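Just so you know, the protein sequences line up as chains X and P, in that order.
What the first sequence shows, in our numbering, is residues 1 to 405, in sequence order.
What the second sequence shows, in our numbering, is residues 1 to 250, in sequence order.
What the hints contain is simulated information worked out from the structure, not anything from laboratory work.
Every value quoted in this text rests on a predicted model; they were computed, and no experiment measured them.
Hints should not be assumed to be uniformly reliable.
As the list claims (entries may be wrong) - To give a feel for the contact side, a few chain X residues facing chain P, derived at Cβ under 7 Å:
id: 1; residue: Ser-2
id: 2; residue: Asn-8
id: 3; residue: Ile-315
id: 4; residue: Ala-318
id: 5; residue: Ile-319
id: 6; residue: Ala-321
id: 7; residue: Arg-322
id: 8; residue: Ala-356
id: 9; residue: Pro-398
id: 10; residue: Ile-399
id: 11; residue: Glu-400
The beta carbon of each residue, even a glycine, is placed where N, CA and C say it ideally should be.
As a plain string of letters, each chain reads:
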Amino acid sequence: MSASMLWNTLLMSLREIRRNTMRSVLTTLGVIIGVAAVIAMVHLGEGATRRITNDISSLGRNLLFVFPGSGRRTATVTSAPPFDLDDARAIAEEVAGVAGAAPSAGGAALAVYGNKNWRTGITGTTNDYFGVREWALDSGRVFLESEELAGTAVCVLGATPRKELFGTTDPLGATIRIGAISCEVIGVLYEKGRSTFGDDQDDFIAVPIAMFQRRIAGNQDVGVIFVSAVSASATTEAQRGIDALMRQRRRIADGDDSDFLVRDTKEITELASKATGVLTALLGAIASVSLLVGGIGIMNIMLVSVTERTREIGIRLAIGARGREVLLQFLVEATVLSTLGGLAGIVLGLGGSYLASGPLGLPFVLVPKIVVIAFVFSAAVGVAFGFFPARKAAKLNPIEALRYE
Amino acid sequence: MPSESAPRASVREGATRTGAPLIELRAVTKIYGKGEAEVRALAGIDLVVEDGEFVAVMGASGSGKSTCMNVLGCLDTPTAGEHRFRGVEVGALSQDQRALLRRHYLGFVFQGFNLLARTTALENVELPLLYRGVSARDRRKRALAALAQVGLAGRETHAPSELSGGQQQRVAIARAIVSDPAVLLADEPTGNLDSARTVELMRLLVDLNREQHITIVMVTHDPTVAAYASRIITFRDGLVLTDVRQEQAA
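So here's chain X without its partners, still in its complex pose (with noise of 0.2 Å):
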């Protein structure tokens, strides 16, 4: 078939398609739907990947956390030894590639002001923890090192217990009750947000460790150190180091497992990535499914097709086409079809989750991969589902076509 053959039979599908619009739309409806549906899929699927690396790139950044216990479940769940702010200074000081070291000691507490009250975390923790975490401040100032050393009564609100206590109040110099002890406000915190997983960031409040061990807690213990890397490629090397540090404080030998953990952020947005990715994956299948229902579509009404046309198909042969050129006639038809579908279903699944991530909270992310990928598929279940009933008008007897009424 010449290129102008080809040309002619393309503009020739598609007047056969406008022709009836509305079959054509119908019979291509499990293409658009099936593409639509993987599209928007896919999108939000990255779309909330992405949120999720966004926001736990806001807990600070080349973070790692230290935390006593065995990634193993073992009989003896959280038997490991807390760690002291030794351990956090040790960290700080001595890792190669650590810009910053934070240790935090917390619980839970009612804090009070005048006839409001509201339970917040309480974290008892150094003036790192803003620098680790990322954490600027709205108003007032950080502890100074006296108050540290000391343990004095003074408090950072986060922007939630500041809301709910103050209202829009400035709070810098009034005195809150946290428990059973009285305490300054000296500093408030900027608002992040709500997390991923749900949790309110925001809710907390920062004393300093050395107050709340002495007079919340009663104990010497810090549950978790964060520690900030200079870079992010230096994560690695400050994990190394800190394991190395650590096994050597805790006096752990050589070859016997270590009982604590060093993550980084980076793998927990490895496992979320994961985890979502099969997800998306799951109802990509899905929507594949009705991409092979489309198919059969498509077949089935290129089959009523050849029959409608089956006169005319014998005036072709008539004339002097040959077998294959009417083939190649039906199976553009076909692909033209399909092809249309599928762009219709790509527009769709992009618009849709475009107008869907505002409302989810999620950014919109443009996957080409996938756009391409599902253009390509179109064509090709067009191609696959229309070979059958382009076989059958090719292999038409002419004389008996030609008294079809």
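Given chain X, work out where chain P should sit, using these hints.
This is chain P only, laid out in the frame that chain X set:
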């Protein structure tokens, strides 16, 4: 076999050059079905058609005339016997090759016009040229010329539904002659036309036969239509009953 874009050698010269008749059937038999349901549509006929003839084929239904036309049109192959077109044994050709033969040397006109619906007259006439790979510009030029030849200049943008029966049949003839065929095969071309249109159409065919030297083989049941031909072949029971040359009607 010529390629699609082969230049059209003047087929009228072909016969004199090779010396072979345009169409030759020798002891052609066509049998449908098997065993008890066997039907002998053609029982061994001999036939020769030369260039420039205007042949009318008559006979009752079941006489074999339609089968003969199908064989002449290369739409069907004989069960036995030889069918030569310009000396080429058609029975030995593949289906594709026969399609090409039809494409380059034959033109068809049917009783039911058999135009493509929802397609303009021009596009209908262009169809054979499309399969020949002729460029769009040339296609249009030749199609318009063919339509003018059959007296339908100015109607090229009309769809068949917008044309009368007589006009549709003339579009069909234009389509049949646009590729400058050696033979025009017409199956009851006036069957769906009234007497006035019939006369009109027959005059057109006589013109094409005389002026353009297009060989015509036409099936008809109407003796007044057959009178326009220069030769009448009558079939009965799968055999040629009579083969008479005559004076053509005006």
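For each hint, the structure was consulted:
1. Ser-2: holds, 4 Å
2. Asn-8: With a minimum Cβ separation of about 6 Å from chain P (threshold 7 Å), the hint on Asn-8 of chain X holds.
3. Ile-315: Holds. Min distance 5 Å.
4. Ala-318: At about 5 Å, which falls below the 7 Å cut-off, the nearest Cβ of chain P leaves the hint on Ala-318 of chain X intact, so it holds.
5. Ile-319: holds, 5 Å
6. Ala-321: Holds, because the Cβ-Cβ distance from Ala-321 of chain X to chain P comes to roughly 6 Å (cut-off 7 Å).
7. Arg-322: At 5 Å from the nearest chain P Cβ, Arg-322 of chain X passes the 7 Å test, so the hint holds.
8. Ala-356: Since chain P brings no Cβ nearer than about 42 Å to Ala-356 of chain X, farther than 7 Å, the hint is violated.
9. Pro-398: Nearest chain P Cβ about 5 Å off; hint holds.
10. Ile-399: This hint holds: Ile-399 of chain X lies near chain P, its Cβ roughly 5 Å from the closest one there, short of 7 Å.
11. Glu-400: violated, 10 Å
The structure is inconsistent with the numbered hints 8, 11, although it conforms to all the rest.
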